[in-house]
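If you're matching positions, the sequence shown starts at 286 in the working numbering and goes up one per residue.
Some hints could be false.
Unchecked claim - List of simulated lysine-lysine pairs, DSSO-like, C-alpha gap at most 30 Å:
hint: 1; residue 1: K446; residue 2: K486
hint: 2; residue 1: K485; residue 2: K317
hint: 3; residue 1: K383; residue 2: K362
hint: 4; residue 1: K376; residue 2: K485
hint: 5; residue 1: K485; residue 2: K310
hint: 6; residue 1: K446; residue 2: K485
hint: 7; residue 1: K464; residue 2: K362
hint: 8; residue 1: K464; residue 2: K305
hint: 9; residue 1: K446; residue 2: K329
Read the hints as simulated data drawn from the structure, not as lab findings.
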Amino acid sequence: MIFEKDSRGKKKRIKYCTAKKIYSKDCEDLIKNAHTLSRGNNFKSLTDENSVYTFNEHVPIIFWNIDKIDSCYINQKVENQASAYPIYCNKHDTLIFKEIEQAGKSPFENTYIENIEYAIKSCSFELYYKVLNLKYLAYIFENEPLVLDRNFNNSYFLTQKYMFETNNVSNKLLDLHKKYFQKGYKFKKFKTVVINIPSKKIECTLSEMLKVDGINVFINMINCPLPKIIISWYDNGQVCNRDWEEWVNLILMNSTNIFFSNQFISGLDQYEKTYLYLNHRRTSELSQEQQNFLKINDKLLKGIINKLCNLSPF
């Protein structure tokens with residue numbers, strides 16, 4: 286892992302190759318900004334524009350104001366901002382995602398190796414996100430030595446615990462990838478369900494690992510060429526007892542690594558943007574006013590999903 290100073294020489298950026306343990310003999314020193322969403326089957330199939338929107342996770346929810354709801358969304362460049370993190374060396378970024386990156390706009394074939402690569406994308410983001418959270422908490426702890434709050438300490442150690450757990454999941458997926466290419470081995474307990482969305486295109490894309498029914502689930506949503514949700518996991522459990530609309534709602538509420546087309550966000554009015562964001566931040570930290578807004582405007586969700594999936598009537 287590399288801590289690199291920025292141009293001002295103050296802040297440090299975390300850079301590392303996620304595949305280093307599994308591919309240690311072949312790892313290069315050059316760490317690149319790797320996309321945790323496939324530029325081929327995710328972004329190119331979402332929009333021809335060079336920018337997309339995502340949730341602003343850092344807006345203090347207590348300062349919520351419907352008139353300033355646009356600040357709750359961030360517009361990022363696809364090329365070097367959206368879902369791009371220094372988490373793979375140049376060699377392994379090319380090697381590990383060869384199938385889905387070279388596919389471009391070709392149809393998704395639901396092959397074992399495609400599903401493994403999409404799962405690795407999902408897990409890579411989750412791991413880096415936890416590393417950043419741990420770094421942030423460590424910074425507070427270092428600069429506020431008198432921090433004695435029990436909740437803070439619990440948060441720090443839980444984040445550390447989850448980071449190591451996610452790292453183990455990542456290594457397992459990378460090992461499956463390596464064994465497939467070296468020996469043609471397929472892990473029978475790695476399962477994938479593909480759920481088709483009944484439309485010609487969805488206006489968002491994501492790649493994320495979520496905890497669903499107690500199981501780590503690797504979720505990808507793509508247009509390739511038609512919209513679908515790719516759900517993978519390795520366990521004896523089952524997580525597919527939901528229809529496509531329930532999955533979309535679950536994703537909107539829980540996903541961080543999700544990006545929307547400019548067309549979709551500009552097509553929402555202020556109330557819809559507010560509902561979408563508060564529904565995404567639906568936690569105990571919401572004020573009574575915010576909870577009431579969601580309850581009163583609950584009917585907006587159906588229309589938002591219809592717009593997201595290009596279904597009528599709006």
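Consistency of the hints with the structure:
1. A distance of roughly 39 Å separates the Cα atoms of K446 and K486; the hinted pair therefore is violated under the 30 Å criterion.
2. With a C-alpha separation of about 34 Å, the suggested pair K485 and K317 falls outside the 30 Å cut-off, and the hint is violated.
3. As the CA atoms of K383 and K362 are separated by approximately 23 Å, the hinted pair is consistent with the 30 Å bound.
4. Taken as a hint, the K376 and K485 pair is broken in the structure, with Cα atoms around 35 Å apart against an allowance of 30 Å.
5. Restraint check for K485 and K310: the C-alpha separation of about 44 Å exceeds 30 Å, so the hint is violated.
6. Annotation: proposed proximity of K446 to K485 is violated, straight-line Cα distance about 41 Å (limit 30 Å).
7. Proximity of K464 to K362 is assessed by CA-CA distance (about 35 Å); at most 30 Å being required, the pair is judged violated.
8. Restraint check for K464 and K305: the C-alpha separation of about 15 Å stays at or below 30 Å, so the hint holds.
9. With a CA separation close to 36 Å, the supplied pair K446 and K329 exceeds the 30 Å bound.
The earlier numbered hints that this structure contradicts are 1, 2, 4, 5, 6, 7 and 9.
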